[in-house]
Amino acid sequence: MGAPHHKKIKKTKKTTMGKWTRVAIAGIWLLLLLAAKNSSAQTPADRQQVQVERGHKQFQQACGFCHGADATGARGPDLVRSALVAHDVNGNLIGEVVHNGRPDKGMPPLPLAGEQIADIAAFLHARAKEALESSGVPADYPVERLLTGSADKGKAFFEGPGGCKNCHSTTGDLAGISKKYSSIELEAHMLYPDDPPVAAVLTLGSGEQISGTLSHMDDFTVSIRVGGKNGWYRSFPRNEVKVELQDPLKAHRELLPKLTSADMHNLFAFLNSLK
Amino acid sequence: MKHRLAILQKCVAAVVCFFAAFFFLAAAQAQGLDPAALLRPATDTWPTYNGDYSGRRFSTLDQINTTNVGSLTLAWAFRTRGNTVKSTPLEVNGILYFTSPDHVWAVDARYGRQVWHYFRKSEGDHIGNRGVGMHGDSLYFTTPDAHLVCLNAKDGTVRWDVELADSKLDYFATMAPIIVRDHVIVGVSGDVTDLPGFLESRDPETGAIQWRWNTEPKPGEPGSETWPKDNDALSHGGGMTWMTGTYDPQLNLLYWGTGNPNPVLAGEGRLGDNLYTCTIVALNPDTGKLAWYFQPSPHDVHDWDATQTPVLFDAEFHGKPRKLIAQASRNGFFFLLDRTNGEHFVTAPFIDTTWSSGIDSRGRPIAKPEATPSSDGALVEPGSDGSTNWMAPSFDPQTGLFYVKARRIFSVYYNTVTTKAEGWGGRDRILWANSTIRALDYHTGKVAWNHELGEGEDIAGILTTAGHLLFTADNSGNLLAMDPATGAILWHLNIGGEVVASPMTYQLDGRQYVLIPVQDIVYAFALPEK
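Chains A and B supply the protein sequences, listed in that same order.
With numbering that gives the first Met the number 0, letter number 136 in the first sequence gets 135, and the count goes up by one each step, no holes.
With numbering that gives the first Met the number 0, letter number 44 in the second sequence gets 43, and the count goes up by one each step, no holes.
Where hints are given, some of them may not hold.
What the hints assert, rightly or not - A short, non-exhaustive set of chain B residues, derived as facing chain A with CB atoms under 7 Å:
#1 V191
#2 T192
#3 K228
#4 F409
#5 T418
#6 H491
Think of the hints as simulated: they come from the structure by calculation, not from any bench.
Cβ coordinates follow ideal geometry from the N, Cα and C atoms, glycine included.
Please work from the sequences and hints to get the whole structure.
Now the structure itself:
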């Protein structure tokens, strides 16, 4: 009941709406959109980022000479992995050191305001977090850093000793491959693609052959989807059937131990050029 | 008369009380663990992380053996309800003690019923916990916020709780403490930030520190020359002591493997061998003084720590009886040394690797420069998870073979650093992994037999027994009993979960049990009751 009624009202409105009314509504939408965009710049994370940037500038001016512009230490100690910074909450410990200095170690007191100290503390905590998170390759890792090889040599390897063209084609499955993945993902997929379905042929004791897609195999059982990955599931004891697999990644596994760094970087440069 | 009778009654009561108290105390003592018993563990106990001090994980029990293992059946199961057990249970006087981060359980070893459960909520890394150590009627438990907690084994109440390291700096603790006489030996974890590692001895009664051995020497001390002099790398060098070591009572030496140096993958700021990271050290358990060392991975830049159990056994080598120590290390090499003095005997790859160009005059693998993590990626086998890792190896004196879970892992290692390296400074991207179990001839490190366990990284540990059996699990959730001489599979069971712990065994009332935690369920297997 509700929906048709609503539709009816909408329809009535639309028919009575003048051209200028429509322009006005579009304008309001535009303003709303802009406002939404603006307010998204004010999320807590963004505000924190602004504070960290302010803190970085403050730090460079007031502390950078001794502690290094990035806080990793120069004449003074590294503050990124400092125990005091690790225990500090919103500048409570950092502020004390800044205000009182460390005369015994040659650090003078610095006349910074409370807000400035809070900004510097935010910057130092952000630097410590960065170090903590350095155990990962960023998803947006710059492709330039991976492009140390020669695309021409990569092409020669692809078509020659690499044996890549036995299964792949730059105008077929690899056409535009560099646009499908991020830099790191492209390199990883180039070396070892996601597991594709493995075709299996099982020969039973009776001589009957069943083919399909491998589902699971260990020392004791083998199971397949008969006919393909959407077929019916069937399982057998390993010692009662003969198993033949067509594993499309076999060539990749054989190549991995042989691949030199130069081969890998050349091949990456070549695949990255396939826009 | 009445008065006299009352006095007599009181005397009798006092005597009865005295004897009652005596028997009670004796009984209480009988439920605990005399550290002297650790020298020769009885077959009805499994009193340390590795079952004994040697780290062999070989049991002299043979009730379950090659002739009857086919009839192995489930005796009981115990659920921790969501907490994955990576620990090896202790079993002392009919009670099992096992853990997961923040949790300790005491469970009836015959029937699988809970005796008590201890929970301590804590901040910090909850990656795993290897179990408890025991002294008298006290248990020792390490926590994610790097504390050492002493519990009353009878009821799980806290006797004391001391801080080992500052968890705000991202130290944490996972290892199972080991007790040597009146020393509780305990180590720490944490390599996400650049922290110095150490091993400590604590007083079993109070938790007070007895000694501390620092992985990194102080400037000017022997070993400090393996670090740069012009920066602060030495004081941030890593080398965590996160696995339980072994001990030789005759030599009175404690053997410990240390963790990787920091920053983990970015080694440009710490040129040199970086002693004593990725090292097997022999320490005096009374003083913490270093007796000798051997470094399987000098200047590691792949997270290949040398914390894998340093296994002790006495056997012939080149025609002479020897006191040996062996490690199948995370870098893919097997090492055999004389444990009296650290003399090097064997270095041999136990699985394919691509990172080494040879072995130097001291028996250490030489790293190829092109295997160093780089900004454009270095393709290396093995990946940072290692050719093997913390899952228990085993040495079987009946076969003379050393058993290890060995994996092939291909990874691309990236050094992502653009300024000064801090923390990890990069990571490897794993491409493909495959697991095997291998029996190694300790004389040469050569593979006596190999059994494939499937794709992925198998992390189930190994147990061998005098019943000519080897217990472990494959990568498809199958528990396996194998012939340790040939690798033939004698029994298997799809247990319905990933095995991320190591099996152990004990015999009570004439019945042998084989225990294996499978995620949050502990299973006890035995022969059918008559």
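Hint by hint, which ones does this structure get wrong, listed from lowest number up? Hint 3 alone not satisfied by this model.
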